[in-house]
Structures are given as C-alpha cells and as structure tokens.
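Visitor: Here's the letter readout for the chains.
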Amino acid sequence: MNKKIQLYIGLTSAFLLLPLVVQSDYYLHLIIISLMWVVIGSSWNLLAGYTGQVSFGHAIFFGTGAYTSGILWTKLSISPFWGMLCGGFTAMIIALFVGWICFRLKGPYFALATLAGGEIIRLVATNWESLTEGMVGILILQNFRSKLPYYYIILLIAGLCIFCIDRVMHSKWGYYFISIRENQDAAESIGINTSLYKNVSLQISAFFTGSAGAFYMNYMGFIDPEVVFSLHYISIMAILVGIVGGVATILGPAVGAFVMVGIQETFRSSFFGLGPKWISQAHALVFGLLVIFVIMFMANGIVGDWSKIKKLYDKIFLYFHNKEGKEPVDSLMDSR
Amino acid sequence: MVLLELKNVSKNFGGLQALNNVSFHVKQGEVFGLIGPNGSGKTTLFNCINQFFPVSNGQIEFMGKSILKLKPYHICRLGIARTFQIVKPLSRMTVLENIIASTFCHTRKMDQARHEAEEILHFCGLSVYKDQLSKGLPIGGRKRLEIARALATKPKLLLLDETAAGLNPSELEEAILLIQKIKENGVTILVVEHIMRFILTISDRIHAISFGQTIAQGAPDEVINDQKVINAYLGEQYAGA
Ligand SMILES: Nc1ncnc2c1ncn2[C@@H]1O[C@H](COP(=O)(O)OP(=O)(O)O)[C@@H](O)[C@H]1O
Ligand SMILES: [Mg+2]
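Protein sequence lines correspond, in order, to chains U and R. The first sequence begins at 0 in numbering that gives the first Met the number 0 and counts up one residue at a time. The second sequence begins at 0 in numbering that gives the first Met the number 0 and counts up one residue at a time.
Everything labelled a hint here was simulated from the structure, so no lab data went into it. Be aware that one or more of the hints could be misleading.
[As the list claims (entries may be wrong)] The calculated lysine to aspartate or glutamate pairs, modelled on EDC-like cross-linking and capped at a C-alpha distance of 16 Å, are: (1) K70/R / D24/U; (2) K171/U / E29/R; (3) K155/R / D110/R; (4) K146/U / D304/U; (5) K153/R / E4/R; (6) K134/R / E118/R; (7) K129/R / E161/R; (8) K129/R / E118/R; (9) K87/R / E161/R; (10) K87/R / D24/U; (11) K129/R / E4/R; (12) K171/U / E115/R.
The structure presented is a predicted model; accordingly, all values stated were derived computationally and were not measured.
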C-alpha cells in the first residue's frame with residue numbers, strides 16, 4: 000500500500016517536471032499523444048479488462064467527444080474548453096444507446112455489435128453533412144501556440160482517469176465489475192444487477208474516452224470521420240494498448256499506451272527516417288504480429304506478466320554472468 | 000409461517016415437460032428436502048424460483064408475495080440465496096474477494112464487507128484458503144465456497160443444489176454439520192440432494208419428484224418407505240446397471 004502511494008507520487012512528480020527535460024516539440028507531441036492513449040486504453044480496460052465486456056467500438060465515444068467539441072465551436076461558438084467538458088457527457092449519452100442495444104448480447108457477439116456500432120456512427124458522421132461537414136471535416140484554430148498547456152491538460156485528464164478507475168476498482172463497484180466478468184449467473188445470484196452495472200462501467204469508460212476525443216479536437220485542430228471514428232486507428236488501437244500493457248491491471252494500459260505510440264511512430268516514420276520508406280506501409284502488419292506475440296508469450300501483458308519478464312531478464316543476466324566465469328547465483332533463480 | 004410457496008408450477012422446454020404441476024411450501028426455520036432421480040427437474044425448480052427461467056404456468060410466492068417477473072438479482076435481495084450444482088466460482092478472484100462481492104448485497108462499506116466476509120469464511124471453514132484464487136480450490140472447497148457466498152448475502156431462505164455430490168465421507172460429515180449450524184442461525188433451507196443418507200439426516204420434511212411430478216411428501220421415514228419413491232430410485236439403479 001505504502002509502496003503504491005510512493006509509486007504514484009513519484010510518477011506524478013516525474014510527469015509534472017517532464018517538460019523541463021523534454022524541450023523538443025516533436026517528443027513532447029509524442030508524449031501528449033501517449034497520454035491521450037493512456038486515457039483511452041485505461042477506459043477500454045475498465046469495460047473490457049475488468050468488466051469483461053470487450054468493446055471493438057471505442058471509436059464511437061472518442062469520435063463523439065471530438066465532434067461535440069468541434070461542433071460546439073463551429074456552430075455555436077462555444078469555447079473549446081467547455082467543449083472538452085461536454086465531450087465526455089455526450090459520449091455518455093451515446094453510450095446509453097450503445098449499452099441498451101449491445102448488452103443484450105454476450106461475449107463475442109457483444110464485441111461484434113460494438114464493432115458494427117462504430118461503423119454505423121462513422122457513416123452517420125460522414126453523411127450528416129449539415130452537422131458534421133462530412134468528409135470535409137472540422138477545422139478549428141488552436142488556442143495555444145505552445146504544446147505545454149496541452150501537455151498539462153492531458154496530464155490532468157490522464158491522472159484523473161487513472162485515479163478514478165483505481166478508486167472505483169477498490170469499491171463495491173469494482174467487485175461487481177469483476178464478478179460480472181467472471182460469471183454473470185453467479186453475479187446475479189449474489190444480488191448484482193448485471194445489466195445496470197455493465198452500463199455503469201460503460202458510462203465511466205465512455206466519459207473518459209469522450210474527453211480524450213474532445214482533447215484531440217482541440218489539440219490537433221482538425222478532425223474528420225475517417226480519423227476519429229476509425230476502426231483501425233482508434234478502436235483496434237485501444238484494444239492493443241490494453242492487451243500489450245496488460246488487461247485488468249491499473250497501470251497496464253498506461254504502459255501499453257507509451258509502448259504502442261512508440262511502435263506506431265517508429266514505423267510511421269520508417270525508423271525516424273533511417274530505414275527504407277516502405278516500412279511505414281508495414282505498420283499494420285507489425286501491429287498484427289505484435290498482437291500474436293503478446294497473446295502467445297505474454298497473455299497478461301507487460302504489467303500483468305512483469306514477474307515473468309523479470310525472471311527472463313534474470314536468466315539472461317545469469318547467462319552472461321556465467322560466461323564471465325562466475326559462480327551461478329542461485330537465489331536469483333529462486334526469487335520470484 | 001410459510002416462507003416459500005409453490006402453486007402448480009410447470010415448466011416446459013419446448014416439447015419437454017421438466018416440471019408438471021409441482022406444489023409445496025417451505026415453513027420458516029425448517030430444512031426442507033427435495034429429492035428425485037437424475038433429470039427429474041430439481042435444478043430446473045431452483046432456476047424457476049430464482050427466476051433464471053420464467054415458469055410456464057403456476058405461481059411462486061415468497062412471504063406471501065408473488066416473485067414471478069422479478070430479476071434473479073432481485074430475488075437475492077429479497078432474501079433467497081442459492082448455490083449451483085455445477086459450481087460457479089468467480090475464478091480469478093480470491094476466496095475472500097468472492098465473499099466480499101457477496102456481502103455488498105447488504106452493505107456499501109468496504110470495512111464492514113471485509114469483516115463480515117472473514118467471519119463467514121471462518122464459519123464455513125474456508126479461512127485457510129482465504130487469499131487463494133478460487134479456481135485453485137479442491138472440489139470440497141468449491142462446494143463450501145458456493146455455500147459461503149450464498150450465506151454472505153444474509154438470506155432468509157437458502158437453496159442448496161446438491162452440495163454433497165462429489166464429497167468424500169469425511170467431507171460429507173462436515174457438510175452435514177455446516178448445514179445444521181446454518182439452520183441453528185435461523186436460516187430456512189431448501190435442499191436438493193441425491194444422496195439419501197445425507198438428506199434423511201438433515202431434513203425435517205421431504206418432497207419427492209420424478210419426471211417433474213410430485214410422487215410423495217412427508218416426514219423423511221414416510222417418504223423413504225413410499226412405494227413410488229422406491230420404484231423411482233430402483234428404476235434408476237436398474238437403468239444404471
Ligand atoms: N436449459 C434447459 N433447456 C432444455 N432442457 C433443459 C434445460 N435445463 C434442464 N433441462 C431438462 O430438464 C430436465 C430436468 O433437468 P434438471 O432440472 O437439471 O434435473 P435434476 O436437477 O433433477 O437432475 C432434464 O430432462 C433436462 O435435460
Ligand atoms: Mg440438478
């Protein structure tokens with residue numbers, strides 16, 4: 000418990016001071032995007048990892064948040080800051096419908112229903128031109144030239160998101176979510192209103208994902224349906240962030256976010272301009288291979304399988320030690 | 000006082016009539032035994048009582064009020080808890096967490112939930128497994144966990160579905176003691192069991208069904224000597240031989 004608080008205080012102060020170290024706008028941008036994925040990945044994890052309702056449609060909430068903020072500004076001239084607050088709430092309203100329809104289905108059928116939901120809302124956003132400008136997209140002027148304010152805004156959202164999820168998971172709701180994941184019949188039999196609590200989980204998840212979407216609108220200044228409602232770039236990426244980092248762990252998706260944004264950027268930029276150009280085309284393939292690797296060797300993700308990774312590290316460490324002709328250190332093998 | 004009353008309950012699965020006009024009542028404070036050969040509809044009856052299935056016909060009342068049309072979680076909150084014949088542990092939660100989830104049925108406070116859960120674990124003899132994942136429990140432990148989790152909701156009526164099946168003789172003795180202790184605490188019990196010796200020891204009254212129909216009801220020694228009951232069970236033994 001004490002160790003956990005120490006970890007959180009350490010992480011928070013490190014992130015607060017980070018801009019002092021990272022002076023380059025390019026790297027600050029990557030960190031901002033990673034923090035945004037921390038929010039989306041953690042939200043996805045609350046619903047999928049903890050509550051067991053695997054969503055393939057988190058772009059629904061991300062895009063809704065982004066469009067809320069964009070439309071409020073272009074149509075009603077409401078400041079993007081209010082838009083950022085409203086983004087989460089409209090995502091919750093959309094989530095009411097999504098939950099009402101999709102929670103009739105279970106397991107893979109639920110996943111497919113959310114996937115279909117994502118495609119439907121993308122088509123609606125594309126075709127409802129009077130509201131969304133369709134494929135033209137929405138362009139707004141950013142409030143700040145500097146990236147610094149955006150960094151602190153998304154840091155605040157990410158911090159709140161992780162804090163809330165951590166609190167929720169240590170309360171009655173958290174126990175209810177995990178019970179639902181483990182066995183719905185058993186959950187009902189101990190007095191858990193499973194359909195209510197699935198929706199509670201979805202509402203929290205949608206709120207933070209929507210907030211991340213609204214932040215994206217403000218930060219990037221431009222959105223169109225192909226970007227913010229994208230199956231590949233948003234919904235699938237959310238899943239990857241979750242499983243690479245470790246589902247059903249508090250910090251897993253946060254780690255996954257940085258790893259995935261790092262990998263994505265490495266390939267997008269063809270190894271930061273060092274590799275051949277065609278590599279940037281291959282990043283979808285690499286994502287696929289990565290998922291296969293993670294599922295085969297680290298089913299619990301980086302954080303979930305941390306002890307495994309440490310053991311492997313210890314083994315490699317031992318191997319090199321032995322090569323240098325030293326005695327094997329037995330206690331290292333025993334320590335788990 | 001009558002706690003639970005079934006009036007002409009029938010349940011069809013398509014063409015199959017799993018329950019046919021079953022009527023009985025369970026009085027407060029008693030252990031009521033429900034017996035019948037395999038496939039006679041005992042588990043189906045439980046699923047009808049806690050509303051996993053809607054009944055096809057008939058009425059089920061708890062404390063004088065109809066409980067048809069309620070949701071299963073609602074049934075639990077009214078005070079009817081159940082165990083599952085095919086155990087359903089919350090696998091990737093520890094034994095303690097399983098029970099804590101259950102105590103939240105009547106409290107919101109974390110401290111109280113944990114405190115009560117530990118008491119119940121102790122009561123059911125599960126304290127040694129406290130921090131173990133429930134999927135790692137031996138079968139006897141999992142059966143106890145089912146009972147503990149149901150008890151943690153503080154039920155007025157406890158439905159036990161074949162908790163003795165698969166237990167060895169010493170575990171069986173412990174199970175009998177546990178059920179008697181639960182009864183002493185004032186919880187009414189409706190118990191389904193296949194093992195005759197077990198049900199005869201613990202029940203105050205017994206109701207026997209076969210192919211979804213009532214064949215006998217009364218005190219344990221009356222029912223056990225009833226010709227229809229003997230036939231039903233013998234028939235099964237012959238079929239099994
Ligand atoms: N969900 C279901 N769908 C169809 N038939 C069922 C279902 N559940 C039980 N049955 C049938 O109902 C009959 C009674 O089963 P059950 O209640 O499990 O018996 P028991 O618990 O007495 O062994 C069996 O013939 C069984 O095949
Ligand atoms: Mg049965």
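Visitor: Honestly, which of those hints from before does the structure not fit?
Guide: Hint check: 1, 2, 3, 4, 5, 6, 7, 10, 11 fail, others pass.
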